[in-house]
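Trainee: Based on the sequences and whatever the hints tell you, model everything.
Protein chains in written order, with the numbering used here: chain A, 1449 to 1950; chain B, 464 to 714.
Honestly, the hints are just simulated from the structure, not real lab data.
Each hint should be verified, as a subset may be incorrect.
Said to hold, decoys possible - Computed spacing ranges between beta-carbons, pair by pair:
(1) B:G529 x A:S1840: 33 to 41 Å
(2) B:G529 x A:N1879: 48 to 56 Å
(3) B:R534 x A:V1932: 52 to 60 Å
(4) A:S1763 x B:R503: 44 to 52 Å
(5) B:D532 x A:Y1774: 23 to 31 Å
(6) B:D532 x A:V1817: 49 to 57 Å
Built from N, CA and C at the ideal position, the CB exists for glycine as well.
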Amino acid sequence: MRRSKWVVGIAVSLMVLGLFRPSRAEPVLRWGGDSEGGAPYVFRNPTHPDELIGFEVDLMNELARRLGMRAEFVQNQWDSLIPGLKRGDYDVVCNGLEITDDRKREVLFSEPYFLTYEQLTVRREEQAVQSLDSARGKVAGTVKYTLAERMLTAHGGIEVRGYDSQTAVYEDLAHARLDLVLLDHPIAVYYGAPDSRLKLVGRPIGDMAYGLAVRLDDAALQSKLNQALLQMRKEGKLREIYDRWGIWNLRMGEAFQDFAPSRPAVELKSYLAAMGKTRDWKQQAVQYWSFVPLLAQGAVTTLQLSAIGMMIAVSLGLLLALSRIYGNWWLSGLATVYIEAIRGTPLLIQLFFIFYGLPSLGVKLSPFVAAVIGLGLNYGAYEAEVYRAGFSSVPKSQMDAALSLGMNRLQALWHVIIPQATRVALPPMTNDFISLLKDSSLVSVITMVELTKVYGQLASTYYDYLGIGLLTAAMYFLIGLPFVRLSRSLEKRFTRGRHPVY
Amino acid sequence: MSPSSFIRVDGLHKNFGETPILRGVDLSIRKGEATFLIGRSGCGKSTFLRCLNGLESFDFGRIRVGQVDVRMGAGSRLNERQVRGLRNHFGMVFQSFNLFPHLTVLENAIKAPMVVKGLSRAEAEAIAVPLLEKVGLRDRLLSYPGQISGGQQQRAAIARALAMNPTVMLYDEPTSALDPFLVDEVFQVMRQLAAEGMTQVVVTHEHRFAREAADQVVFMEDGVVVESGSSEQIFSAPSDERTRQFVRRYG
Chain A
1449 MRRSKWVVGI
1459 AVSLMVLGLF
1469 RPSRAEPVLR
1479 WGGDSEGGAP
1489 YVFRNPTHPD
1499 ELIGFEVDLM
1509 NELARRLGMR
1519 AEFVQNQWDS
1529 LIPGLKRGDY
1539 DVVCNGLEIT
1549 DDRKREVLFS
1559 EPYFLTYEQL
1569 TVRREEQAVQ
1579 SLDSARGKVA
1589 GTVKYTLAER
1599 MLTAHGGIEV
1609 RGYDSQTAVY
1619 EDLAHARLDL
1629 VLLDHPIAVY
1639 YGAPDSRLKL
1649 VGRPIGDMAY
1659 GLAVRLDDAA
1669 LQSKLNQALL
1679 QMRKEGKLRE
1689 IYDRWGIWNL
1699 RMGEAFQDFA
1709 PSRPAVELKS
1719 YLAAMGKTRD
1729 WKQQAVQYWS
1739 FVPLLAQGAV
1749 TTLQLSAIGM
1759 MIAVSLGLLL
1769 ALSRIYGNWW
1779 LSGLATVYIE
1789 AIRGTPLLIQ
1799 LFFIFYGLPS
1809 LGVKLSPFVA
1819 AVIGLGLNYG
1829 AYEAEVYRAG
1839 FSSVPKSQMD
1849 AALSLGMNRL
1859 QALWHVIIPQ
1869 ATRVALPPMT
1879 NDFISLLKDS
1889 SLVSVITMVE
1899 LTKVYGQLAS
1909 TYYDYLGIGL
1919 LTAAMYFLIG
1929 LPFVRLSRSL
1939 EKRFTRGRHP
1949 VY
Chain B
464 MSPSSFIRVD
474 GLHKNFGETP
484 ILRGVDLSIR
494 KGEATFLIGR
504 SGCGKSTFLR
514 CLNGLESFDF
524 GRIRVGQVDV
534 RMGAGSRLNE
544 RQVRGLRNHF
554 GMVFQSFNLF
564 PHLTVLENAI
574 KAPMVVKGLS
584 RAEAEAIAVP
594 LLEKVGLRDR
604 LLSYPGQISG
614 GQQQRAAIAR
624 ALAMNPTVML
634 YDEPTSALDP
644 FLVDEVFQVM
654 RQLAAEGMTQ
664 VVVTHEHRFA
674 REAADQVVFM
684 EDGVVVESGS
694 SEQIFSAPSD
704 ERTRQFVRRY
714 G
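Mentor: The following block contains the structure:
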């Protein structure tokens, strides 16, 4: 009992500390992207996994410097980047966002900072497929919600499979689950070309222009960014970045009227070196060890989210359960409607609603607050039913006894009924908490970087879903453990006197 | 109210929905006396007891105890102040003991004094421990209800009620849930309290005990008091035909 008290105490103080972050005076340019999107855009440095690198990181750092600011990266799910921008979680989106007419209705785009095209990749022995036309009747893989996916679908005659990440696409191509992959050229350079089982074929397909996105009412920032981009282009700084990352291409040459030979792609080389390096078990162990601080950071966030979320859920659940049992007809009806509505709808949609939906009603919550409220409101409904079961396990005569001793209802509840109900409710409560711990990974859709997100970033950087997956699973297990033990000892405490000990 | 009666009930009516349970109960109880309510199950005696200490509200009638005067008429409802007034006077002992199973015997007895009267633990124990000793539980203070016999539990429940310093003790079939050989240890405590001058109202089917210990016996049927009097009078020479039948069969 005493030990688990300590453990929880330490966990809580860690959480409180974690809530305070130092702030600096220098103006900050906050930009959004999804580091799980992988190389060469924004991704974790394979040799220093606590660092985010990529050509867009270089680009944004340089742009911010020229605006007299400091660039700060904000993580968000790729398909939520524009909603996050509109909410004001960051002021710029820079993450391979193609300039399209649809998006122009939602955001202001800068001049294109990078031009590219779709690249076909097939297995080395493949002879027939050289273009989309020659791919009829074949199975094509790509990433969901991209231009490539739309092009494949529009082309017709090709079976299209949409993936969540590019690593899996190329892996499936190598394993012959797919016949071809169509993805942006930089992705093909980093994920397709280095794989000796695959080759890039055919001519450039389509035209793509990546733009920096800002909010519709932020024309001032748009023009500042445009000026800085133009300056970087004139000074050759843009080309220098793209050369280093090995992604300078024909389209860029044509657009910039710059046909000089490329300089060495040092970043691409060091990336491939880091990825291709075969490690003995010792080096492997050292590398895994280097992931631990990162995963631990994610674990702290997960713990904060879960613990505070659970506190909200517990209080709300208690309130709901009491309303259902002791409330008058409208209070108990309200509680019932709430419980059924929340239990009947997915947590994911509730989170989206709170984070992206409420701002249009004038309620804008920070990601952390939105996340704990979302988790708390959701789990509160489940807790309510757990407590109701607990309450109905306490005979009505206990209330009679407490009242006849002069206690009022509240005193009777607190001193007599709740302690007994808790004994019954504790095991399912523990269950719910453990499950909340894992459901908290859903909040990565609202820009929170917690344990599962860190896992996704690391795993997509290293293609290592097994090793890092086990490591992450161990983390979840470890942070859940103190609570399991706490609940065991509480259970024992509440069970005191239940069994005769003559 | 005659000066000698400490509790006076007039025309108490109580319905559960459409079903009348009490149909005008009149009763007068003197201080320091033991009153036994007898009658068939469902005659309303338990409900009457629960009305006395406000666990049940009633529809019409009047209860007076000490300075407390609770009157019910059309549309009126029992308010907090009235309930508190009644409960200050009455301690209650239940058929199934209703001890708090998560608390020790001692904690059961000090909980309400601490919570309701705001006593410190030490003050509450100074009251509760002698009472628990009086009912013979000196060596069971730290036991949980689940660890002691039914007779011990009921004695603990009596001590728990006494710890709130009531002027009247109510017993709702206090020995019905007990093995026959445990019944007497509870009666012994009740006898002792009577000897100390405690006013007691007992609902019971133990007519042998009622005959022996009652200052007043009240026979109820169909929600009204049929007849009341000394135990001699009710058990040996009832004046009402219904009482006579009941006593002949069960007495």
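Trainee: List in ascending order the numbers of the hints, as given earlier, that are violated by the structure.
Mentor: none
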